[in-house]
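What follows is each chain in one-letter form.
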Amino acid sequence: MILFENVTKTYPKSHRPAVNGVSLEIGRGEFVFVVGTSGSGKSTMLQLIMKEQDATGGRLSVAGRELDRLPDRKVPSLRRQIGCVFQDFRLLPNKTVHQNVAYALQVLGAPRSRIRSTVPEVLDLVGLAGMEKRFPHQLSGGEQQRVAIARAFVNRPPILLADEPTGNLDPGISLEIVQLLDRINRTGTTVVMATHDFATVDAMRKRVIRLDKGVLVGDVEAGDYTTGSIPRIELDDRPIPARVAEPAVADGYDDGAPEPQAAVQGSGR
Amino acid sequence: MRLQFLLGEIGNGLRRNLSMALSVVIVTMISMYLLGLGLMGQRQVDTMKDYWYDRVQVTVLLCAEKTRYTNCAGEPTTDAQRTAIRAELDALKPTVAEVFYESRDEAFDRFKQTYQNSPLARAGESYFADSYRVNLNDASKFDVVASSIKGMPGAADVQDQKKLLEKFFTFMNTISWAAIALSSLMVLAAVMLISTTIRQTAFSRRRETGIMRLVGASNFTIRFPFVMETVIASVLGASLAMGMLWATVRYGVVGFLSETLTDTAFIGVADVVYVAPFIIGGVVVLASATSWVTLRRYLRV
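Chains as they are written, first to last, in this note's numbering: chain A, 12 to 280; chain B, 28 to 328.
Wrong hints could be hidden among the right ones.
Partial list, derived from the structure: chain B residues whose beta carbon lies under 7 Å from chain A [claimed, not checked]:
#1 Arg29
#2 Phe32
#3 Leu33
#4 Ala107
#5 Arg109
#6 Met239
#7 Val242
#8 Gly243
#9 Ser245
#10 Thr248
Simulated from the structure, these hints should not be mistaken for lab results. Every residue, glycine too, gets a C-beta built ideally from N, C-alpha and C.
Only chain A is shown next, with the shape it has when bound in the complex (with noise of 0.2 Å):
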């Protein structure tokens, strides 16, 4: 289904790559964590699964696709078959529950007897039957999470992303999460979960693969993994200098309170 091959992205100006060399194969209806620290590369990687940004070496193929060979106007037909979750849900604040869904539906110009018959389908399936009128700020952070994967999985496509779908929810809420995700992924999606919440990827013993300054650094078989294998915080113990009296700066505010002396200064350097 998603296939790397010695794919490497390196950011303009930058020094090191964001992913490098990274070869790894995730097949149809495998349920995968991508683990690693901040900029380990997890959030490019699956940027580059959709092809919101380009590889810059090795192949990559998704859903049957090269994509270093695939045309610009062929991306959006990639992109309908992955759904994507994310961190901060991006729901439309302006549309209710229903509408949000739906709107994945009519944007891809799906006749309206679908949309009705598809949008409760799926809201029932993440649990949210009854909620089609409240709008995102009526819900909790769990609830409109859910409303992202109802949106990214109305379409049924046959991948799906999520990028910390976890990281702005509690712990148990995040179980739960993780737990429709499974659902979704026993109905034969491929899914995709970027994360850095080890206590959900202990509990759910699934593939993960681990991502460390961009490089592969393992790729554990279902079941075999625990947190233990995961570099703890290197303890940073060099003394932090003690505080230097700082001159007071000018505020930039007219409020009548006397300009310090050091702000004269400083704007003559």
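Given chain A's structure and the hints, the job is docking chain B onto it.
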């Protein structure tokens, strides 16, 4: 379904960005009105040229007593000279189409009639002279007539009315070109405004477009509402401009100038009807091209 969705998006966009849409309407309206005025000016010049070049005459002024023309030496033209000039003019056919003789009294009467409400009517009879009025088959052949008649005894001067008219036409032409030049500046402003507006709306709707991109909406679906919003606003502006132009020609030219100055030809509303489709079509092309180019830069897929 998709059409209905797209129309809804366009309606929402226009409603949410009403002031931007209005500014596009106004700028296109003014620029297209100026352009229309310039084009109308050009057509007016053409119309007048057609009208006047059929009527322009070459005037062969004959000598009267005490005229200042050196060729006359202060003596009036004798009958023999008159006949000689007439014969020479007749000999110039077919360059010359017709020759009329207008006596000094007739000339004076005609002048008094033409300028009856003007202070010029107080000019005395002594300003006039007998003359031959010559119609040419080809108005540009004035030199042929002038070179054979000028210098003949009894011929005071040979005057070409076309030269007088040309000064006037050049003047009108300059004004209409100035209007067109101004309008092209306004068109430039309109293009930049459309581009800014699109950037602004694309930014304000980045959530929606972001989701559209994520779920794999085609470029067309994402961009069409933006393009249509500017096209609708600018076509509305151009249509208003054409309405204003129509009113200007209908009430200013047909209803006022034509009735006041009856002895010349003026453009009519038909001329507005003739240019309007081109202007509105041009605006559609301009607005869609501008917005498409802007979207290519600011709405990357």
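A quick look at each hint next to the structure:
About 4 Å separates the beta-carbon of Arg29 of chain B from the nearest beta-carbon of chain A, less than 7 Å, and the hint is met. Nearest Cβ of chain A to the Cβ of Phe32 of chain B: about 5 Å, under the 7 Å cut. The hint holds. Nearest Cβ of chain A to the Cβ of Leu33 of chain B: about 9 Å, over the 7 Å cut. The hint is violated. Of the supplied interface hints, the one on Ala107 of chain B is violated, with its beta-carbon coming no nearer than about 91 Å to a beta-carbon of chain A, more than 7 Å.
This hint is violated: Arg109 of chain B has a C-beta 85 Å from the nearest C-beta of chain A, more than the 7 Å allowed. Taken as an interface hint, Met239 of chain B checks out: its beta carbon lies about 5 Å from the nearest beta carbon of chain A, inside 7 Å. For the restraint placing Val242 of chain B at the interface with chain A, the shortest Cβ-Cβ distance is roughly 4 Å, inside the 7 Å limit, so the hint holds. For the restraint placing Gly243 of chain B at the interface with chain A, the shortest Cβ-Cβ distance is roughly 3 Å, inside the 7 Å limit, so the hint holds.
About 5 Å separates the beta-carbon of Ser245 of chain B from the nearest beta-carbon of chain A, less than 7 Å, and the hint is met. Interface hint at Thr248 of chain B: satisfied, since its Cβ lies 6 Å from the closest Cβ of chain A, which is below the 7 Å cut-off.
Violated hints, in rising order: 3, 4 and 5; the structure is consistent with all others.
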